[in-house]
Every structure is written in structure tokens, then in C-alpha cells.
Amino acid sequence: EDQVTQSPEALRLQEGESSSLNCSYTVSGLRGLFWYRQDPGKGPEFLFTLYSAGEEKEKERLKATLTKKESFLHITAPKPEDSATYLCAVRGYQKVTFGTGTKLQVIP
Amino acid sequence: DSGVTQTPKHLITATGQRVTLRCSPRSGDLSVYWYQQSLDQGLQFLIQYYNGEERAKGNILERFSAQQFPDLHSELNLSSLELGDSALYFCASSPKWGQVGGEQYFGPGTRLTVT
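As they're listed, the protein sequences go chains A and B.
Counting along the first sequence from 1, when you hit position 18 you're at 18 in this note's numbering, and nothing is skipped either side.
Counting along the second sequence from 1, when you hit position 49 you're at 49 in this note's numbering, and nothing is skipped either side.
Source of the hints: derived by calculation from the structure; they are not laboratory data.
Keep in mind it's a predicted model, so treat the numbers as computed, not measured.
Incorrect hints may have been included.
To give a feel for the contact side, a few chain A residues facing chain B, derived at Cβ under 7 Å [unchecked claim]: (1) 34; (2) 46; (3) 94; (4) 95.
Backbone N, C-alpha and C define an ideal beta-carbon position, used for all residues, glycine too.
Looking at chain A on its own, in the form it has when it is part of the complex (with noise of 0.2 Å):
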């Protein structure tokens, strides 16, 4: 069965500090890794797609990477508003699988 863990469940930042975010996955047959913000009450906004180990996405503070076995959501220098929950999800043969996500919160 296919599993996407997040960690850390929540993380607390200073406006400025920059962090990661980590996805750990298992899928058979991977065939795209994706990353979503989702602010409270409110539809998942998508971000980023991944295919294959090695790979890297940008936009504006964030990075997502891609190993084998799991992939990272670099946020550099965050702002306030980029507080939300941050969802991992994987697709395999047949259905996309979304991790917890890690809230976070991000302090003037």
C-alpha cells in the first residue's frame, strides 16, 4: 500500500529562518510527487510536481527536491504569509496518496 509520512507534524519560524520540510514516501511505480499549500478552510493550491530523483522546482522562497525515498520543501527567509499546512502527496498505478502535512507558522 502506498504511504507518504510528514515531518515535522508542525514548525514554528522566525520571519527569516529558513528550513526544510520532509516527505517520506513508498509507492509502487511512482509517477509524480506533488506539493500543496493549504491555508485553513480552504482548498489545496498546488505547487510543485516531481517525477524523478534528483529533480528540483523553485518558486519565489520555496524548493522542492526529489530522492528515491523522499523529498524536501526548502523554504528560504519565510514570510509571514507563507504560514499554511504544506501537503506531500504521491501517485502511483492507480490513485494519488496525500500525507498529514506540516503546519507552519511563521512569525513577525
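Since the structure of chain A is provided, determine the placement of chain B on it from the hints.
Below, chain B alone, put in the same frame as chain A:
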């Protein structure tokens, strides 16, 4: 705005009742997914349709059913509702379902409260 619409935004109903949630995917997207999200759990995948056909099934209860119509909109039917069915229900759409890819675009959700 993702381009995915869901109605209604909020729904309050009693135990034992039946409700229908509606989703319109982004223009051109053929895949529709349904998810349930409650406070103590993450996003739980329920079911996926691709161009009108069921493609994948997750942890969907027998009391729940879904379909995708020829115009690609989808409906999720929840019957014999229980208190534990109270949750946010999200619909998502995807531009493709091929060998790779399948990033999803989520709607704003329907908040269901069962009393």
C-alpha cells in the same frame, strides 16, 4: 481561483438524511476526484472519475456514491448520514491521467455538518 467550482458551500442536515454535493471541473479537465477532510484526519481520497468512467476508488463508504456526467461535472451522493460524516468535502480536477503527472486543482470545498 483554481477554476473548480463546488456547491453548496455549506450544508447542515440531520442524521439519516441524504445529500448531493456538486462539482464542476476546470475547463478541459477530464479527471475529477473527491476527498473527505475531517479535523483529526488528513485528506482521504474517496473516488476518481475520468471522462465519465470510474478510475480509482479509495476509502469510500457503501453509503456514498458518485458519478460523472457527459458534461464532466460530478456529483457525490451521501446517504444515511451519520454524525461522523461531518467534514469538508473537496472536489479536484486534473488535466490528464496518463503515464505520469496528474497534479490536481482543488475546489473551495463543501462543509457538511450532520446534526
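Do the hints match the structure? See the list:
no. : hint : in the structure
1   : 34   : holds (6 Å)
2   : 46   : holds (5 Å)
3   : 94   : holds (5 Å)
4   : 95   : holds (4 Å)
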